[in-house]
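Enquirer: Assemble the dimeric complex from its two separately framed chains, guided by the hints.
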Amino acid sequence: MKKRVLAMVLGLTMLVSIFAVGCTKDEAKADFKAGFVYIGPTNDNGWTTAHDVARLELEKQLGIETAYVELVAEDEAAVKDAVTNLIDVGCNIIFTTSFGYMEPTVALAAEYPDLYFLHCSGYMMSENLGTYFGRIYEPRFLSGIVAGMKTTSNEIGYVAAMNIPEVVRGINAFTLGVKMVNPDATVNVRWTNTWIDPAKAKEAAEALLAEGCDVITQHQDSPGPLIAAEEKGAFAIGYDYPLTDVAPGSYMTAPVFNWSVYYVDIVKQIMDGKFVSASYWEGLNSGVVALAPMTDLVPAEAKTLVNEYEAKIKDGSFFVFEGEIKDNTGAVKVPAGTKMTDGEMLSMDWFVEGVKSN
Amino acid sequence: MFRIAKRGETNNRQALMFRLLGIFGALLVTSVIVMFMDHNPFDVLFSMVKGAFASKIRIENTIVKAVPLAITAIGISIAFRMKFWNIGGEGQIMMGAAAATYVALNYSSLPRIILLPLMFVTAFIFGGIWAVVPALFKVRFGTNETLFTLMMNYIALKLVGYFQYTAWKDPNGMGFPVIAKFEQSGYLPEVFGIHIGWIIAILIAVFIYLLVHHTKRGYEINVVGGSENTARYAGMKVGKIVVLSMLLSGGICGIAGFVQVSGVSHTLNVNTSGGVGFTAIIIAWLSKLNEGTIILVSILFAGMVQGGNYIQTAFQIPASVAQILQGIILLFVLGSEFFVQYKVFYNKKEVKKA
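For the protein sequence lines, the chains are A and B, in the order given. Going by the working numbering, the first residue of the first sequence is number 2, and it counts up by one from there. Going by the working numbering, the first residue of the second sequence is number 3, and it counts up by one from there.
Don't read these hints as lab results, they were simulated from the structure. Any given hint might turn out to be false.
What the hints assert, rightly or not - Each computed BS3-like pair below joins lysine-lysine, with the alpha-carbon atoms no more than 30 Å apart: (1) B:Lys-160 x A:Lys-201; (2) B:Lys-171 x A:Lys-327; (3) A:Lys-201 x B:Lys-171.
Claimed, not checked - Pairwise CB distance ranges, derived in the manner of DEER restraints: (4) B:Ala-7 x A:Ala-208: 50 to 56 Å; (5) A:Ala-108 x B:Lys-58: 17 to 23 Å; (6) B:Leu-302 x A:Asp-246: 41 to 47 Å; (7) A:Asp-328 x B:Leu-333: 53 to 59 Å; (8) A:Ala-208 x B:Tyr-156: 47 to 53 Å; (9) A:Ala-108 x B:Tyr-348: 58 to 64 Å; (10) B:Ile-157 x A:Asp-266: 47 to 53 Å; (11) A:Asp-266 x B:Tyr-211: 23 to 29 Å; (12) B:Leu-149 x A:Ala-208: 31 to 37 Å; (13) B:Lys-58 x A:Lys-269: 29 to 35 Å.
Where a beta carbon is used, it is the ideal one built from N, C-alpha and C, also for glycine.
Same shape as in the complex, but just chain B (with noise of 0.2 Å):
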């Protein structure tokens, strides 16, 4: 029988080499694809690493997708501190960028600097409602979070579905299913080229990580999800920790949208939130839920399809073959953080008890 234990202590040369051997391996079978493709491997990886940094247009590219990516991580791991599984991050970044819509849409006429605040607020505000929903059920009836918060996507997808198709359909878009473009007003204004959603993101990221290592709130968070009864015994009130949490963890997801409709899509459709909300639960993973590096592994992230969209247009590799690389590429990245923390051995007494 194979058996899988976690290790007691990370050592750390141990911890280098199956991160070596992950993306050694990553090399190894991607290479073996491109080649099956009658390309050379050495340039399309290369490529792909030039292709989401070498030039301007490419970091920027990067950063813009690495922005909605890192504010939904962040947004995420504040849920996971408490052990609390969003799933939903999908969903709320939906309803956060449906309300920013709504707003951009119907107060067009506001200035820009009152506009966007409105945006930023109702935003965080519906995004927010559609985590503490489950929240709200989970702390009074127990129910499952995860399969909750996975639903409530589906809610929220369809809902925009709606507002798409029917509800909010431009009256002037001569039938065709669209809502109408933002006025200049509900634009995000740019900073060095880039949509300042990466400052919003950098600005969140400092503000977690403040609140959830320096004060008495972030300190309840992380007591809950080591133990609830610890929290309970220590006189916490678990269950408004969890939804005043999961509010939090929602707006911020919420924002993530609003960024996306108004920095880089300017109106809202059903591809909005296209899998960051997904994604993002890895990143927050990957990154052991710590802010600074949730920001860094995000760029990575955003650079992986970056680099993967550069060598389709460049190499005219199938934008499914790209896909596939980076999907390969991520299965030994979370292959070797599994054997990091986990050992896997063989035991022989097992089989003869078997």
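Same shape as in the complex, but just chain A (with noise of 0.2 Å):
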């Protein structure tokens, strides 16, 4: 009998020694960990990929930690899983990278008021959960240029995922861009629904390609329509991240994110104890969002106009939403002369002229 006892309270103690060991070397952490929920894989060659990348350089520019998750579903328990294990590794700066994750990191914000989060996309806030985006409709209304003089059908194709202003914007702008150049021109949008599916991104272009669409460009995380246009000798504006070995023979440009300048900005106002809460939204002038190297596939009158265009955006002498513009039933939306404010961008829910969406 007490042989059993002494037994049983040696073993005890090795499973508590063992959780205790386990715990000290857990809190010996630095003071600021970094941790990133991400949608797809780091690999996507896209959204994902953009992020991962910027981590990398947080990483290298301030000498910090930083642990991520991938492929975390838009859904309050695959968030709440994801954020408590980079919290339990000793994150205490969460980014969570999906516009599904807001309600979820809304709630997680609550549950932890000391740690920092920071949500990309969306526009639910609060004291310790701030919200950041880049103005990618600037580069987007750019890769329109490339996009409304290289076609020769008048057909341009768009993969687009949820109607949503965000995406939705992208689109107005791109529009914006081709029909300055070409009045001629329709752009075709097809949704896929989903952020990120390869397989599906690459049929909904096919569908494009096959109705006589000779340039695509998307809302995607992932390279699908690139390759798509690639195998039918067409042409591609990309998203999100430089591609330029994935389709050579198609591939001309991306509005793509550069998040390094936002995570370290943001990552070094929290160490100086500075951090408010805020709503992060700036454009091509910051460098958080510009558009990728033009390769030789864009025509060279299209790559003067882009850099004149990218140069008036930037001094302020152009404003990619300022009227006239009207909607695709012909209503004016914008008067001439006025700009859209920032709360008309974000939730923008109709299409401009010359876009056709099914």
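Expert: See below:
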């Protein structure tokens, strides 16, 4: 009997000491550690890759530790699981990088008031939850110029994800660029209802190509549409991340994110104790968004025009959503001389003239 | 020729040996893979265990994952006792979750004490209906229940997709295809920091244990599973027993859906069932349909998933590799169970004939 008790006590001590060692190890962490929640795999060659490249840049520039969880569904159970695991390994700055993480992030920010939360592309904030995004509509507009001058069939294809303002704004900015240089062109939109599904994205692009489109662009996390264009000998404009090697025969350029501009900046603020919950939304001027270098497939005159308009956007002499802008039923949405406000752009739910959405 | 035969008697010593061999084999193969990833296998495998159980957050995450697995496995086990192969747990979870969501969204003004039981009951009914349909077809027309229940999964999944993207889409979601989040009244309360789904799971386990082992109904289920003809000869109404038991089986799976939406996701989406209905089949089998063992195995299973998530964050091992490790461990565990029950021998005579 005594022996058994002794064995049990010894066994328990061992177990407790194992756990104790584990705990002290975890608590001996640096002051700040940033954790990232990703919707796709880090090698999706698009949205998530752009975030992950910036994460590594953040490590390099500020010398802090980071961690990530990939392939997290847009569901509260999944997001909570990912975030608590990040907190468990010592993360105290949490970046959640998909629109559908918004409500779960709000709940988690309330549950962990001492930690910093930053949600990409949403609009809900709290004291310890800020939002961030890039004015990607600026480079989208520039890429529209490229598409409008490249097309010969005057049919351009746009593989879009969800029918939400972020995506609608991109379609509209792109179409305004197209129409400025080519009033006869139409932008045909196909919805996939998913951010990342390479096969679905490719199929949508193939359908657009079959309908006669000769230039394809996308609001998708993966380069499926680029590959479809390459296979059909058409031309393509990517998204999120510059990719010349995936479709060398069709890739022209891409509106891209350079998230490290923001990540380094906000983490520095937090480290200096200067964090204020805010909504970060910057454009070409800040460098957080850009038009990726244009390949030789882009016509020379388009290159010149893009450079001209990029300079104009940067110095404020040109604004993408300035009237007169009509919607695709012909009604004037923005009167001549008026600029849309941030609020109007963030809730955009109508298409400009020239968009054909099924 | 290799031949496979069932072992006459289970020898405890042999069983233990095969299980230890299984664990050893799993450790060996996973270690090799981890070494290829340039990590120390002892570190990673030990961390997998620590990552599942060694802190409050980790234990909570493990239990939260174990709850739907345990409830669904218990639900499925009732059908399996009758040798009715219910592969439709996934769809039954979805229908239960959808029904609970409908109630939570439309009657959110009700007090929690009324709303939650209402969600519970509707989830049970709709999960049950999804299982009763294949049961009726089997009883009336002798359809194959494995295929039928499997196909019902896809119908349920597409239906939830329709709710999420069209019918129940949140009008305040700025166009994003999500169903609105529940009001607080639709949230399961928490006990010890974890939603009370774990208490529901234990209560269901006790209830089913008593039903199966200590009531006439339970006895009938077991007899039908043993031999339908015997049951018929004894004057039992086999059809009625099958249909009612499937109502219970699917209903319990539906409750797992209710627990998921009310306890963790706080809304419904196409990811709600997340493969639980399929994993639960493995758990029910590994546990030999024993309710207590199901709870234990569910916790171990959930621990493996949570440990896998932990090593992803701690070592930045890709999600796909963590899943491969889990798959290998599972393969060896299932493999050793096979050798516990069956023996494989080499028959020379057969070869000569051929």
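Enquirer: It remains to establish, for every hint, whether it holds in the given structure.
Expert: Each hint tested on the structure:
Taken as a hint, the Lys-160 of chain B and Lys-201 of chain A pair is honoured in the structure, with Cα atoms around 16 Å apart against an allowance of 30 Å. For the hint pairing Lys-171 of chain B with Lys-327 of chain A, the CA-to-CA distance comes to about 28 Å; that is within 30 Å, so the pair holds. Of the pairs offered as hints, the one joining Lys-201 of chain A and Lys-171 of chain B holds, with about 22 Å between alpha carbons and a cut-off of 30 Å not exceeded. At roughly 55 Å, the beta carbons of Ala-7 of chain B and Ala-208 of chain A sit within the given window of 50 to 56 Å.
Under the hint 17 to 23 Å, the C-beta atoms of Ala-108 of chain A and Lys-58 of chain B, about 18 Å apart, fit the expected range. Checked against the hint of 41 to 47 Å, the C-beta distance between Leu-302 of chain B and Asp-246 of chain A comes to roughly 44 Å, which is consistent with it. Evaluation of the 53 to 59 Å hint for Asp-328 of chain A and Leu-333 of chain B yields a pass: the beta carbon distance comes to about 57 Å. A beta carbon spacing of about 24 Å between Ala-208 of chain A and Tyr-156 of chain B contradicts the range 47 to 53 Å that was offered as a hint.
Between Ala-108 of chain A and Tyr-348 of chain B the C-beta distance comes to about 59 Å, which sits within the given range of 58 to 64 Å. For the pair Ile-157 of chain B and Asp-266 of chain A, the supplied restraint of 47 to 53 Å holds, since their beta-carbon distance comes to about 49 Å. The hint said 23 to 29 Å for the Cβ distance between Asp-266 of chain A and Tyr-211 of chain B, and at roughly 59 Å that hint is violated. Distance hint for Leu-149 of chain B and Ala-208 of chain A: a CB-CB separation of about 32 Å, consistent with the stated range 31 to 37 Å.
Distance hint for Lys-58 of chain B and Lys-269 of chain A: a CB-CB separation of about 32 Å, consistent with the stated range 29 to 35 Å.
In summary, the numbered hints that this structure violates are 8, 11.
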